[in-house]
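Visitor: Just so you know, the protein sequences line up as chains A and B, in that order. Position 272 (the first sequence) corresponds to 272 in my numbering; numbering is contiguous. Position 29 (the second sequence) corresponds to 1029 in my numbering; numbering is contiguous.
Treat the hints as calculated values from the structure; they're not laboratory data. Check before you lean on any hint, since a few could be wrong.
Said to hold, decoys possible - No more than 27 angstroms apart at the CA atoms, straight line, and that leaves these computed lysine-lysine pairs for DSSO-like:
(1) A:LYS230 x A:LYS212
(2) A:LYS230 x B:LYS1099
(3) A:LYS239 x B:LYS1005
Residues per chain are reported as follows:
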Amino acid sequence: MEHTFWGYERPDGKVGSRNYVAIVPSVVCANEVAQAIGNQVMNCRPLLHHQGCCQLPPDLDRVTDTLASLICHPNAGAALIVSLGCEGTDVDRLLEAAGQSGKPCDIVRIQEIGGMANAIADGIKKAQRLSMAISGMQRRETDLSRFVMGIKCGGSDATSGLASNCAIGYVADRIVDAGGTVMFGEVTEFIGAEHILARRARTPEVGEKILKIVSDMETRAKSLGCDMRKGQPTPGNIKGGLSTIEEKSLGAIMKSGSRTIEGVLDYAEMSAGRKGLWIKETPGREIEILTGMAAGGAQCITFSTGRGAPQGFPILPVIKICGNPHTYERMVNDMDINAGRVILGEASIEAVGEELFQKLLKTLSGEQCKGETIYYSQSMDIYCTGPVI
Amino acid sequence: MSERKLAVQVQPKDNVASIFAEVSAGDTVEVMARDGSLDAVAVHEDIPYGHKVALADIPGGETVWKYGESIGIATKDIKRGDYVHVHNLDSARARGDWKE
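For reference, chain B alone in the conformation it holds in the complex:
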């Protein structure tokens, strides 16, 4: 594997990117957008291969976007560079545990 730590932003609207490297807190990842342009994001936490980093600040309760579509709701305030996964991102679908 190359030394570069690359992440993919699938659509311009996305506020998260999937990282295809093992990343440690303090690393900088290169985020490749659909048009091939690169953005550097400083990562605040260790992030496993294939998992997501926030590209923007996402307040709790706001939508998390990937593929240009909603992949759920932030359950707490997320900062650019934070690790985004089940600890701060909840599905809004098939929630039998939610009262209507």
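The shape of chain A in the complex, shown without the other chains:
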């Protein structure tokens, strides 16, 4: 084993880089109970979101699938589901997923137990038991074939596509070559670069699928009858020198490295042992894409920025690599790796990529990244495409 990390072995064979109790509200209405439980019990991470009721069936299925995948996430040593009782989410299916994962799980039912106060009290007792149950778990050494990396860029500027995204691309190639799994997404930011990705597809069918998800995203954007600019690229991207979505996309795909694209995973889908480089069908906004990557089983995200994006995720370490040397200086307490050295001509992409790779191995084994220590850990949501009804 050339490169290894120390992780938590789970009953289903996955390996976690963290060991939390995931508190999983089945529906937005259960958030306040989940939050109150998380505030009281050590090592709990509420996965708060805004979905699960008054949505069309495909979206409700997606919410259920996403929450089921999160319950099965290896960074959750245990899970506590918080159900209201009248949600559109399929709670039985969440319990089934919890059972199949083999990890300690429990459920709080707000309406059944008699409201907020009773549910919070019940949840605190149950979460405490779960937290105790996993608190003695030890890390074991494992190799990178057990690692799934998620990739994201946010708050991009003109440095992103020339420095920080390229360094992530270097690491993506290293992980694929070591037998691991890499997922990248942000389908909106394939627009104008999809032909390059399609050429890297394993089969013609995968290439066609890539073109189709981009076309579907573009059609959705066009359906409102306006120019997408300001939505994508964002005002921040434009201020940072990115003029069009094409320019943003061509820089964004640098983070996928150079290896063959094996296929496209649905938003809620677990990577489930698939190896190599995959596209995760996600939009560009942080709170939704990070959830999609977590649903895919990523134990860590590498996140590139130019303007300075501070986002984290409740159960994942998110390593920040900054392409803009001025932003790195200004936001040094949020940024883990300085790829601005590439722009200044002080370091090669390979040298910064190697630095990121070493930080990644240490982070997987328990070293914190800056976003974790400052506790950016409460924002997430689930990407739905239909209306709220």
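Since the structure of chain A is provided, determine the placement of chain B on it from the hints.
Guide: Leaving out everything else, chain B in the frame of chain A:
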């Protein structure tokens, strides 16, 4: 930061370069190509950090190239040394405002 005002031409086909310095009208920027060769371009306008300068004359309606790929269409005539951004470069994609 060094005194040199450097810009990057990512691919030989590109007719714009991204500048990694604050540039004022009248400055000369050194444009580094992929092979390391340098070209000097006199800049006609103030250009903020990370924004683009034209390396060639680009007539209105023509393609603007970066990364060796199209990043959109010039909306007016652009001269070598001009600032290229949203005021003279339009996306050709996801244009719900365009009639087919």
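Visitor: Sort out which numbered hints this structure fails and list those numbers smallest first.
Guide: none
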